[in-house]
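In this note's numbering, the protein residues as written are 321 to 453.
There's no promise every hint is true.
Unchecked claim - Here are the simulated EDC-like pairs of lysine to aspartate or glutamate, each with C-alpha atoms no more than 20 Å apart in a straight line:
1. K350 / D374
2. K350 / D386
3. K350 / D376
4. K350 / E370
If you're looking for bench data, these hints aren't it; they were derived computationally from the structure. Here the structure is a predicted model, which is why all the values come from computation and not from measurement.
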Amino acid sequence: MLLIHVQRHATTSGPELVFAHMNIRSLANKLDDLLDVRRNLAIDVLFLGETWHDADSVSFSRLRADRFQVVDRPRSRVRDDLSTNYGGVAIAVVAVPGVRLTRLDVGIQSESCELLCVRVTSASPSSSTGLVR
């Protein structure tokens, strides 16, 4: 069951962004459903946990080809074969065109958890990029 709570601020100083976090538990077989949910709820920035992906992820390559910005922390493949890369949590942030994601180094190197810190900025109202929903 997928439950998403969309909460919008009452006042904004610029373009309004909609954020969502999903514990996706492997993106490979859910990408089309995820994109449908993103479009239907007009989500601009998705935080994905438990994506179970590595640097060669076809799903993230497809998102990038479709002009989504992706900042991720892929997990290194344990074996040099095509088996699924289970275990732990791999994380990613996906944003629509017009939203800029910048990876931030907060100076924390952890062996016990995976961390991804990202700054999210949107195009100004006068920008030609704008937000695409």
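task: For the pair supplied as a hint, K350 and E370, confirm whether the alpha-carbon distance does not exceed 20 Å.
output: Since the Cα atoms of K350 and E370 sit roughly 13 Å apart, the hinted pair holds (cutoff 20 Å).
message: Does D374 sit within 20 Å of K350, going by the straight-line distance between their CA atoms?
response: 16 Å, holds
- request: Assess, step by step, whether the Cα of K350 is no farther than 20 Å from the Cα of D376, and give holds or violated.
  value: 17 Å, holds
message: Check whether the Cα positions of K350 and D386 lie no farther apart than 20 Å.
response: 16 Å, holds
Hint check: no violations occur; every hint is consistent with the structure.
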